[in-house]
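Those protein sequences? They're chains A and B, same order as listed.
Going by the working numbering, the first residue of the first sequence is number 375, and it counts up by one from there.
Going by the working numbering, the first residue of the second sequence is number 1001, and it counts up by one from there.
Among the hints, erroneous ones may be present.
[Stated by the list, open to error] Heads up, simulated EDC-like pairs for lysine to aspartate or glutamate below, C-alpha to C-alpha not over 20 Å straight-line:
hint	chain 1	residue 1	chain 2	residue 2
1	B	Lys1033	A	Asp477
2	B	Lys1060	A	Asp477
3	A	Lys381	A	Glu546
[To be verified] Taking beta-carbon pairs under 7 Å as the criterion, some of the chain A residues facing chain B (in silico):
hint	residue
4	Ala457
5	Lys480
6	Phe525
7	Gly547
8	Thr553
[As the list claims (entries may be wrong)] Over the 12 Å line for every Cβ pair with chain B, so calculated as not near, a few chain A residues:
hint	residue
9	Glu384
10	Tyr389
11	Lys390
12	Leu401
13	Phe427
14	Thr482
15	Glu508
16	Leu533
17	Ile536
18	Asn569
19	Leu577
These are calculated hints, taken from the structure and not from any lab test.
The C-beta atom is built at its ideal place from N, Cα and C for all residues, glycine as well.
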Amino acid sequence: MRKVRQKNTENHTMYKKAFKAAFTHTLPIMAGFCFLGLTYGIYMNVKGFSFVFPMIMSLCVFAGSAEFVAVNFLLSAFDPLQAFAVTLMINARHLFYGISMLDRYKGTGIKKFYLIFGMCDESFSINCSARLGEDIDQKQFMFFVTILNHFYWVSGATLGGIFGSLIMFNTEGIEFVMTAMFAVIFLEQFLKEKNHTASLLGLGLSLICLVAFGTGNFMIPSMLAILGILTLLRKPLEKGGDKE
Amino acid sequence: MMTTPRIIITITAVVAATMLTRFLPFIIFPAGKPTPKYIVYLGRVLPPAIFGMLVIYCLKDVTILSGSHGIPELISIATVVGLHLWKRQMLLSILVGTVCYMLLVQLVF
């Protein structure tokens, strides 16, 4: 009996520790998502949708850029095939996330479904880059990161849909919190690794593609270029044995 | 605006496409079977490349030739990088960088 109770308390502390770590790691996302979610809710509100729409969209899609574009699908002629194809293009980067998380999401049991469902840019980046102490359960941590981000996003979008037009203070520029976060994650990765080839390729090839193909069309060429060059460099990169 | 069934079908299409991009790798390479070596290699080298790609993705709407010429972005990112190299405190770097950007776009540019 006592053993069971002891185990329960241990579990409880583990949960608490994992939640605390997840909360700290997602603080910048809380700021960014509450704001971006608000913007999204206001945007839908202005376009004539009730707050139920941003709430349902943010809950079910949970992919910012696709949700903004989806508003246009809803306002133009009925064409679900086009909506499907365009969303596929916008979200193609998730394929890379999945390949990177195959191993890390292994053995997460029933939570795995939700971890994959909620794998947005931000959840992926935190779950992929966070280095935790020995005393924190990685699987619990990843689950809390995903659910907290989801919660911030849905709350923001719903509140934006309800009260959006009432916000008075000047929030211009607050969306930069996301850029700053990705810059820090990139920098952390860069400082940690011995071989900078992949980091610099990702940065350089995307920049070249952005200049060459323009804002709307550069992601797919960037991904193909990154995939192609990394495939060509497989031998030297594997030989280098760059394990962080 | 569309009729309700059409709205539901359109939203379902967006959800289905998003979920396809997230679940596909896990469906093709299930946990029970050994993953091909090439995919394991990609899983190891892709993350740093993706982090670089995401930084560019965030900056994709910056106009170098018009508007503020990307100066607020440049200053703020330099602040983030400099502060992070100095203190190595993730939240602090992000917070100061964001406040710096907000002040620049609201008061200077």
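Tested hints:
1. B:Lys1033 / A:Asp477: holds, 12 Å
2. B:Lys1060 / A:Asp477: Not satisfied, since the Cα-Cα distance of roughly 31 Å exceeds 20 Å.
3. A:Lys381 / A:Glu546: violated, 49 Å
4. Ala457: holds, 4 Å
5. Lys480: holds, 5 Å
6. Phe525: violated, 18 Å
7. Gly547: Since the shortest Cβ distance to chain B is 4 Å, the answer is holds.
8. Thr553: holds, 4 Å
9. Glu384: holds, 27 Å
10. Tyr389: holds, 23 Å
11. Lys390: Lys390 of chain A clear of chain B: closest Cβ-Cβ about 20 Å, beyond 12 Å.
12. Leu401: violated, 6 Å
13. Phe427: violated, 8 Å
14. Thr482: Answer for Thr482 of chain A: violated, closest chain B Cβ roughly 9 Å.
15. Glu508: holds, 20 Å
16. Leu533: holds, 20 Å
17. Ile536: At about 19 Å from chain B, Ile536 of chain A clears the 12 Å cut-off, so the statement holds.
18. Asn569: violated, 9 Å
19. Leu577: Not fine: 3 Å to the nearest Cβ puts Leu577 of chain A too close to chain B.
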